[in-house]
Amino acid sequence: MSLLSIGDLSIEFGSPADPLVAVHAVSLSIKPSEVLGLVGESGSGKSLTSRAIMRLIKRPGRITAGEVLFDGRDVLQMSQRELRQFRANDVGMVFQDPFSSLNPVFRIGSQLVDALRMSHDYDRGTAQRTVVDMLDRVGIPRPEHIFRAYPHELSGGMRQRVMIAMATAARPRLLLADEPTTALDVLTQKQILLLLSEMRREYGMAMLLVSHDFGVIAQMCDRVAIMYGGQIVESGPVESIYDSPQHPYTRALLRSVPGLEPVDRANRRQPLDGQPPEIGPLKQACVFAERCAHARDDCRRTPLPLRRISEGHFTACPFEVTSDANYDEAQR
Amino acid sequence: MIVGAMALCSILAPLIAPHDPNQLDFGAQLRPPSLRNLMGTDENGRDIFSRVLFGLRLDFVVVLALTYVSLPIGLVLGALAGYFGGIVDSLISRLADILLSFPFIVLVVAVIGLVGPGLGGVLIGVPVVSWAFYARLARADMMVMKELPFMEACTALGYSKTRTIFRHAVPNLVRNCLVFSTLDVMGNLLLLASVSYIGLGVQPPTAELGAIVSGGQPYLLNAWWVATLPGLVLVLFGIGVGLIGEGLSDGRHQGTS
Numbered sequence: 001m002s003l004l005s006i007g008d009l010s011i012e013f014g015s016p017a018d019p020l021v022a023v024h025a026v027s028l029s030i031k032p033s034e035v036l037g038l039v040g041e042s043g044s045g046k047s048l049t050s051r052a053i054m055r056l057i058k059r060p061g062r063i064t065a066g067e068v069l070f071d072g073r074d075v076l077q078m079s080q081r082e083l084r085q086f087r088a089n090d091v092g093m094v095f096q097d098p099f100s101s102l103n104p105v106f107r108i109g110s111q112l113v114d115a116l117r118m119s120h121d122y123d124r125g126t127a128q129r130t131v132v133d134m135l136d137r138v139g140i141p142r143p144e145h146i147f148r149a150y151p152h153e154l155s156g157g158m159r160q161r162v163m164i165a166m167a168t169a170a171r172p173r174l175l176l177a178d179e180p181t182t183a184l185d186v187l188t189q190k191q192i193l194l195l196l197s198e199m200r201r202e203y204g205m206a207m208l209l210v211s212h213d214f215g216v217i218a219q220m221c222d223r224v225a226i227m228y229g230g231q232i233v234e235s236g237p238v239e240s241i242y243d244s245p246q247h248p249y250t251r252a253l254l255r256s257v258p259g260l261e262p263v264d265r266a267n268r269r270q271p272l273d274g275q276p277p278e279i280g281p282l283k284q285a286c287v288f289a290e291r292c293a294h295a296r297d298d299c300r301r302t303p304l305p306l307r308r309i310s311e312g313h314f315t316a317c318p319f320e321v322t323s324d325a326n327y328d329e330a331q332r
Numbered sequence: 001m002i003v004g005a006m007a008l009c010s011i012l013a014p015l016i017a018p019h020d021p022n023q024l025d026f027g028a029q030l031r032p033p034s035l036r037n038l039m040g041t042d043e044n045g046r047d048i049f050s051r052v053l054f055g056l057r058l059d060f061v062v063v064l065a066l067t068y069v070s071l072p073i074g075l076v077l078g079a080l081a082g083y084f085g086g087i088v089d090s091l092i093s094r095l096a097d098i099l100l101s102f103p104f105i106v107l108v109v110a111v112i113g114l115v116g117p118g119l120g121g122v123l124i125g126v127p128v129v130s131w132a133f134y135a136r137l138a139r140a141d142m143m144v145m146k147e148l149p150f151m152e153a154c155t156a157l158g159y160s161k162t163r164t165i166f167r168h169a170v171p172n173l174v175r176n177c178l179v180f181s182t183l184d185v186m187g188n189l190l191l192l193a194s195v196s197y198i199g200l201g202v203q204p205p206t207a208e209l210g211a212i213v214s215g216g217q218p219y220l221l222n223a224w225w226v227a228t229l230p231g232l233v234l235v236l237f238g239i240g241v242g243l244i245g246e247g248l249s250d251g252r253h254q255g256t257s
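Line by line, the protein sequences are chains R and H.
Here the first sequence stands for residues 1 to 332, where the numbers follow the working numbering.
Here the second sequence stands for residues 1 to 257, where the numbers follow the working numbering.
Check before you lean on any hint, since a few could be wrong.
Unchecked claim - So the derived list for chain H, only partly shown, Cβ under 7 Å to chain R, looks like this:
no.: 1; residue: Pro103
no.: 2; residue: Gly116
no.: 3; residue: Gly120
no.: 4; residue: Leu157
no.: 5; residue: Thr162
no.: 6; residue: His168
As the list claims (entries may be wrong) - Here are the simulated DSBU-like pairs of lysine-lysine, each with C-alpha atoms no more than 30 Å apart in a straight line:
no.: 7; chain 1: R; residue 1: Lys31; chain 2: R; residue 2: Lys58
no.: 8; chain 1: H; residue 1: Lys161; chain 2: H; residue 2: Lys146
no.: 9; chain 1: R; residue 1: Lys283; chain 2: H; residue 2: Lys161
no.: 10; chain 1: R; residue 1: Lys58; chain 2: R; residue 2: Lys283
no.: 11; chain 1: R; residue 1: Lys31; chain 2: R; residue 2: Lys190
no.: 12; chain 1: R; residue 1: Lys58; chain 2: H; residue 2: Lys161
Simulated from the structure, these hints should not be mistaken for laboratory data.
All C-beta atoms, glycine included, are put in the ideal place defined by N, C-alpha and C.
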């Protein structure tokens with residue numbers, strides 16, 4: 001039984017008569033305490049998908065089809081009241097930009113106390129003590145001191161720690177992390193990721209980690225879904241995707257990740273030619289066909305459904321991986 | 001500092017005023033400033049220094065009331081307009097536009113015409129119009145802020161709209177409105193003085209700075225102190241308030257950088 005299951009989710013912009021499809025027929029599921037990675041480049045619809053889970057899509061964007069089942073209840077059908085309950089208690093979200101995700105005029109402590117009291121019936125004193133504990137747990141030194149600090153007095157990493165404390169205050173069963181480390185420097189990134197996996201293990205939370213960094217995904221996730229042009233092109237267990245990526249886009253993505261080996265002709269990183277697709281009307285074709293070296297006429301004529309490769313591993317590419325010399329070379 | 005000293009003076013007016021501000025003394029008309037009458041006396045022999053103290057006290061209270069009644073009204077309406085947009089925004093913004101398209105004082109005089117001359121008219125007339133300034137300011141700030149991640153974070157934490165707007169957004173809007181309100185305090189002070197000056201504001205014999213200046217005008221040539229010294233006090237008050245505003249806005253830039 002999945003904790004979260006998204007079925008055929010579509011998100012459109014533009015007028016209903018002339019829709020611009022940003023996300024098309026995305027299906028995902030996350031089991032309790034599982035970590036799912038959602039990878040893709042900018043504009044591939046990964047952030048939109050994660051936002052749709054909390055119904056945070058802003059106008060003019062709208063969800064035009066699909067369902068988001070959390071624990072069997074469809075988030076998209078919830079009343080405002082139920083939705084608030086759901087947001088307060090069941091999911092937490094860590095945003096990309098810790099610099100503007102905290103209210104600049106309130107002290108850290110009072111913001112956390114507020115967040116905590118949304119889900120717990122604590123009186124002010126208990127809430128304050130709990131918040132200091134929480135700050136301590138997310139690795140903030142001198143929590144009593146930081147409790148009284150304003151957001152601008154904290155560094156980016158510290159603020160992201162505060163955001164994590166806030167998102168996990170309600171002990172949600174699902175944590176959505178939308179590129180939580182993009183705005184931070186590399187060392188801080190590492191610490192924040194460590195913190196996230198610690199918190200996840202400790203609280204038994206499931207997590208959806210949105211990222212464009214394959215390294216981060218490999219380190220953190222159980223399963224991964226790769227998005228391109230608003231659709232999922234491949235999904236499966238991390239090892240399976242790493243060992244035998246099926247979709248040409250996934251392979252290109254893996255090839256573009258820098259490694260530690262010295263760069264020579266044999267293991268040179270290979271950039272992918274072309275541009276990601278622009279948002280537009282839905283095409284009756286494979287989303288990746290334009291940039292795909294293996295594309296045939298069929299690929300440009302009909303949309304390609306996901307097919308099963310092995311247990312839990314799906315790809316949208318209809319061809320078996322047999323001879324991809326470049327890829328094999330890069331692996332060696 | 002200046003404002004603080006003036007506030008103190010006006011609060012303590014009854015204690016430090018050397019004379020009763022309305023005490024007539026026809027034996028001492030239009031006396032120049034002296035130790036006995038620090039700012040001289042007016043055409044009715046009243047001590048101008050005492051009248052200025054009491055006038056300042058009245059001006060202080062009235063002007064602060066005017067400004068800080070308009071501010072919350074405008075702040076809330078502007079915040080709503082900025083947050084919801086659409087029809088709410090259209091209604092509030094158009095109303096504000098209409099009010100602001102008239103010269104301020106004309107509208108206030110019109111309201112005074114309806115209510116009758118005196119403080120009542122000013123107290124009603126000014127907030128009726130000047131909330132619009134704050135509404136515009138708050139609306140613009142809100143529209144910017146609405147897009148900031150922390151507002152989304154509020155939604156993501158399950159806060160209700162009311163809570164998001166009033167507990168989390170509005171406190172962010174207050175600073176700008178406060179800075180503007182110091183300008184507005186000055187504006188209102190001058191307005192009150194001018195309205196009293198043309199005889200529609202505070203009615204004699206009540207001491208009010210504008211009224212004192214206006215009353216002293218006919219004697220400007222032979223008794224300059226009657227109009228000039230209270231006028232200088234008015235100017236000083238304005239400068240003091242302006243400095244507070246500047247301080248606030250400097251503090252704001254430090255806070256956000």
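Here is how each hint holds up against the structure:
For Pro103 (chain H), the interface hint is violated, the least distance from its beta-carbon to any beta-carbon of chain R being 35 Å, above 7 Å. Interface restraint check: Gly116 (chain H) against chain R, minimum CB-CB distance 43 Å, threshold 7 Å, status violated. About 37 Å separates the beta-carbon of Gly120 (chain H) from the nearest beta-carbon of chain R, more than 7 Å, and the hint is not met. Proximity of Leu157 (chain H) to chain R holds as hinted, the smallest CB-CB distance being about 5 Å (cut-off 7 Å).
Below 7 Å, beta-carbon pairs count as interface contacts, and Thr162 (chain H) has none with chain R, the closest being about 11 Å; its hint is therefore violated. Nearest Cβ of chain R to the Cβ of His168 (chain H): about 5 Å, under the 7 Å cut. The hint holds. With a CA separation close to 27 Å, the supplied pair Lys31 (chain R) and Lys58 (chain R) stays within the 30 Å bound. Proposed proximity of Lys161 (chain H) and Lys146 (chain H) is supported: the alpha carbons are some 12 Å apart, at most 30 Å.
The straight-line distance between the Cα atoms of Lys283 (chain R) and Lys161 (chain H) is roughly 38 Å, outside the 30 Å bound, and the hint therefore fails. A C-alpha spacing of about 24 Å is found between Lys58 (chain R) and Lys283 (chain R), which places the hinted pair at or below 30 Å, so the restraint holds. Restraint check: the Cα-Cα separation between Lys31 (chain R) and Lys190 (chain R) comes to about 25 Å, which is no more than 30 Å; the hinted pair holds. Pair hint Lys58 (chain R) plus Lys161 (chain H) holds up; C-alpha atoms about 14 Å apart against a cutoff of 30 Å.
When the structure is compared with the earlier hints, violations turn up for hints 1, 2, 3, 5 and 9 and for no others.
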